[in-house]
Amino acid sequence: MSKLLIITGGSQGIGRATAERFLGDGYRVINLSRRPITLAGAEQCSVDMSAPAWLTDCAEPLVSAAKAAEQVVLIHNAARQDSDTVASLQGESFRDVLQINLVAPQQLNALLIPHMAAGSSILYVGSTLAEKAVKGCASYIASKHGLVGLMRATVQDLAGTGIHSACICPGFTDTDMLRGHINNDPDVIAAITANVSAGRLIDPAEIADLLHFGACSPVVSGAVIHANLGQIEH
229 MSKLLIITGG SQGIGRATAE RFLGDGYRVI NLSRRPITLA GAEQCSVDMS
279 APAWLTDCAE PLVSAAKAAE QVVLIHNAAR QDSDTVASLQ GESFRDVLQI
329 NLVAPQQLNA LLIPHMAAGS SILYVGSTLA EKAVKGCASY IASKHGLVGL
379 MRATVQDLAG TGIHSACICP GFTDTDMLRG HINNDPDVIA AITANVSAGR
429 LIDPAEIADL LHFGACSPVV SGAVIHANLG QIEH
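Per the numbering used here, residue 229 is the first one in the sequence shown, and the count goes up by one each step.
Do not rely on the hints blindly, as some may be mistaken.
DMTMM-like cross-link-like pairs, simulated, lysine to aspartate or glutamate; straight-line CA separation at most 20 Å [said to hold, decoys possible]:
| hint | residue 1 | residue 2 |
| --- | --- | --- |
| 1 | 360 | 285 |
| 2 | 360 | 461 |
| 3 | 363 | 310 |
| 4 | 360 | 298 |
| 5 | 295 | 312 |
| 6 | 295 | 310 |
| 7 | 231 | 248 |
| 8 | 231 | 312 |
| 9 | 363 | 413 |
No lab work stands behind these hints, which were simulated from the structure alone.
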């Protein structure tokens with residue numbers, strides 16, 4: 229069976245680990261990101277998802293690939309995380325975050341769903357902050373809450389098509405995005421891991437395995453799956 233993975237933000241972190249996991253299972257892998265993916269066998273479509281018309285140049289090859297595949301796995305992984313609060317967040321900055329984190333996934337949905345066969349799946353990469361909030365990242369929190377809503381709408385609107393959907397919500401994962409957000413401060417990392425039952429950061433490959441499971445398991449359709457190694461709540 230011809231299997232295709234289309235993933236956004238696959239050049240690093242969870243995205244790259246996921247591309248590698250699916251490539252190892254015989255999938256054709258197409259990555260959409262600004263940065264090229266350094267993974268032999270993976271295909272790159274260089275795009276800037278912050279631009280409203282970002283799909284213009286890659287729409288035709290993506291549709292062609294989807295039409296040729298017997299199973300398409302579409303994973304919305306790319307995300308932007310800013311430091312902001314509801315007191316300081318300005319409309320233009322908010323729109324920029326929503327474009328990448330929420331609007332772009334739907335643009336990709338609208339392009340590809342008509343060409344996805346039964347047995348395909350659409351997976352959203354959420355966050356612990358998709359169903360809770362902390363201070364200091366208002367735009368990211370709002371967009372990830374919206375992503376859960378988009379997943380639930382996906383399930384309802386595609387009922388009967390054989391396409392399933394779920395939202396995987398990683399906790400503190402050892403990625404450049406996380407380390408950059410906390411300035412790679414060892415004290416912050418120590419504080420984070422102290423609040424995780426397992427006492428460590430998540431390996432991106434662990435989330436990749438979960439996304440692969442979700443793609444192959446229609447039973448999870450509609451689920452919001454938190455993968456956080458037992459985050460301790462206060």
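Hints and how they fare:
1. Distance check on the hinted pair: residue 360 and residue 285 sit about 37 Å apart at the alpha-carbon level, beyond 20 Å; violated.
2. For the hint linking residue 360 to residue 461, the alpha-carbon distance of about 11 Å falls within 20 Å, and the restraint holds.
3. Between residue 363 and residue 310 the alpha-carbon distance is near 12 Å, which keeps this suggested pair within the 20 Å criterion.
4. The straight-line distance between the Cα atoms of residue 360 and residue 298 is roughly 37 Å, outside the 20 Å bound, and the hint therefore fails.
5. Under the criterion of a C-alpha separation no larger than 20 Å, the hint pairing residue 295 with residue 312 is inconsistent with the structure, at around 41 Å.
6. With a C-alpha separation of about 36 Å, the suggested pair residue 295 and residue 310 falls outside the 20 Å cut-off, and the hint is violated.
7. About 14 Å separates the Cα atoms of residue 231 and residue 248, which keeps this hinted pair within 20 Å; it holds.
8. Using a Cα cut-off of 20 Å, the hinted pair residue 231 and residue 312 is violated, with the two alpha carbons roughly 40 Å apart.
9. As the CA atoms of residue 363 and residue 413 are separated by approximately 18 Å, the hinted pair is consistent with the 20 Å bound.
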